[in-house]
Amino acid sequence: MDGHRAASLAPPVARLIEAFRKLPGVGPKSAQRLAYHLIRMPRAEAESLAEAILAVKDRIVLCQVCQNITESTPCPICSDQSRDRTRICVVEEPLDSMAIERTRSYDGLYHVLHGVISPVNGIGADDLKVRELLERLRDESVTEVILATNPNLEGEATAMYLQRLLKPLGIAVSRLARGLSSGADLEYADESTLAHALQGRTRSADQDASQSL
Amino acid sequence: MELSPGLTIIQGSNGQGKSNLLEAAFLLSVAKSPRAGVDRELIRWDLLQTGGHAQVGGFARQADNTIHAQIDFEVAAQGDLQAAPNLVRKSLRVNGVVTPAADFVGTINVIAFAAEDISLVVGAPGERRRYLDILISQTDPAYLRTLQRYGRVVTQRNHLLRQVRERRASDEELEFWDQRLAAEGAAIVDRRRRAVERLLIYAVPAHQELAGVGQPLGVEYLPKLDDQNRAIQPLPVRELADRLLKAMRSMRSRELGQGVSVVGPHRDELVITLGGQPAGTFASRGQARTIALALRIAEASFVEQATGRKPVLALDDVLSELDEDRRNRVLETSRRYDQTLLTTTDEEFVGEPFRRAASHLSISSGVVKRSNG
Ligand SMILES: [Zn+2]
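Protein chains in written order, with numbering that gives the first Met the number 0: chain H, 0 to 212; chain E, 0 to 372.
There's no promise every hint is true.
[What the hints assert, rightly or not] Sample of chain E residues at the chain H side, in silico, Cβ under 10 Å: (1) THR138; (2) VAL152; (3) GLU172; (4) PHE175; (5) SER283; (6) ARG284.
No lab work stands behind these hints, which were simulated from the structure alone. Where is the CB? At the ideal position from N, CA and C, for every residue including glycine.
All chains should be built: construct the whole structure from the sequences, respecting the hints.
Following this line, the structure appears as C-alpha cells:
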C-alpha cells in the first residue's frame, strides 16, 4: 500500500483495511471497499457481524476425532453410534464432507485434512491432518479408507501420498474418482454424480490413483 | 462492423491502430495476443491505470451457422497489478455461454502473419514451441488441456525439487509429480511429433513456391527426453513416458541442484534448416522472412486440413518487407481462402489486380472508414 495515503487515513480505518487485506482473495481495493461499507453500516448490523466472528472463534472447534469444524467435540457425526464405524472417508475441507452428507448415500465417518499437498503453496503432508488420521487408524476398527480428495492434480497427489502411507497397514484403500470429471471440485459436484462416484469407488490396489486422472 | 469475404485492405499510417483490428480477430481465435507476452499489452494503458473492463467480440459466418465469440477482460488497477500481476481476468464466451479456453480456441480459426514472425526462425526455442502449440491447439482442444495440466505439473514439481534440496520435503514425494510429468509430457511429445510430420508436408512446398527451387526448407522436431534434444522415431506414448521417467530418475541430482525440471516438452526444440544448415544462424533476413511466411501458410493448410474449414488469414503489415514477386505470391495464396484481412501503410504494396478485387478500409486515430481504394 501507498505509505503516503496510509498515513493520512484515520488509524482505525487503516487498521480495518489492513485486517481485511489479510483475508484470502481480498486485494487492497476490495479491502478499502469493505472498510468504507462497514463505516456506513448501522451500528446494530456491525455489532451482529462482530459477534458472529467472535462466535466462530469462541464456539467452533476442530473435532478431536475427525478434525471437522464443530460446536462440540467429538462432533455429531463422530458421536453418532448408528453410523458405520468401519469406514472413514478422507476429504480436503469441511465443505466436502457436507457435500457427501447431502447425497445420503454414505453413513461412515469422515476425516478432514484441511488442505491438499501443493508444493507451490509450500504445503506438504506435514501441514495436513495426516498424523491424526494415522492415530485413528491405530485405535479404531476401521477396515476401509475412502480417499475423496478432489480429482485434480493436487488432490491426486494427496491421494497417492496417503495410499502409499496406508498400504502397510493392511486397510482397504479406495479412491473416489469415477464419474467425477477431472478438475471438478467435490464441493460443486451435483448430488447424484457424487453418490454415483461413491458407489463406483475403486480399490486402489486394482487401480493406481495416479492412473485415474 | 461487417467485414466482406475475400480480401480486405486496411490502410493507415503507423500508430493509427490498424493492427488492433487484426489483433482482435486473432484474439477471438486463440484467446491470446499474437505476440508472446501478456494480455495486458492488448488493453489500453489508461484502462490499466484506472482498472475497468474491456471487451472484444466478433461474429463468424460459416457454411451453415453464425458463431459469436466474445472475450471480456476485467482489469485491476495499477496498484493491485503490482501486488498480483495476474489481475487481468479473462472470460471467454461462445454464443453467450462461458467457455473454457480449450474449447474456445478453435471456434474461429485465424492465422496471423506479422512482421515479428521472423522470430520463428531467428528467435529463442520458446517462440517455435509457441507456434507449434497454437497450431495444434487450434485443431485439438484436448491438447490445450494437456498443455495446461503439464504446465501446472512442472510448476509444482520445480517447487518441490527446491523443497527437497532444502530438506523441507522428502524425495519420495517427487514420485507422483515424476509420473504426471512423464504421462502428460509423453502425450505432448507424441502430439507434437505427429503435428510436425504433417506440417512438413505443407511447409516444404509452400517455401519452395515462395523462394523458388534452391535450398530446401527442413523442420525437425527434437524432444528433450533425456540429457539432450534428439530426433525420435515414432514411439508408443507409453514408451515415451517410460523414457521421461527413466531420465528424471537418472538426472535426479542435477535437477535437485538446479531446482528445475530439465527433461520434458517444455525444453523441446523445433529446428528449422535451410539446405541442411540451421536457419537461425545461417539464413539471411530475407531468407528468414520467407521461411516464416512459409510456416504461416503451412499453418493455414494444417488447420484447414484438420478442421475442414478454411481459416481467416490476417496479414499484419507483412508486405512492405517483401519484394514484389513474393508479395504477389502471398496474395495469390490468400485467394485460396475465403477471407483475408490485410493491413498496410500504403496500398501500393498490394498489386493492381488484387487491389481491384478487394474491399478497402482506412483507419486514422483508431477510427475505421470505408474507402474506395
Ligand atoms: Zn468428528
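Open item on the list: Need the list of violated hint numbers for this structure, in ascending order.
Closed with: 1, 5 and 6
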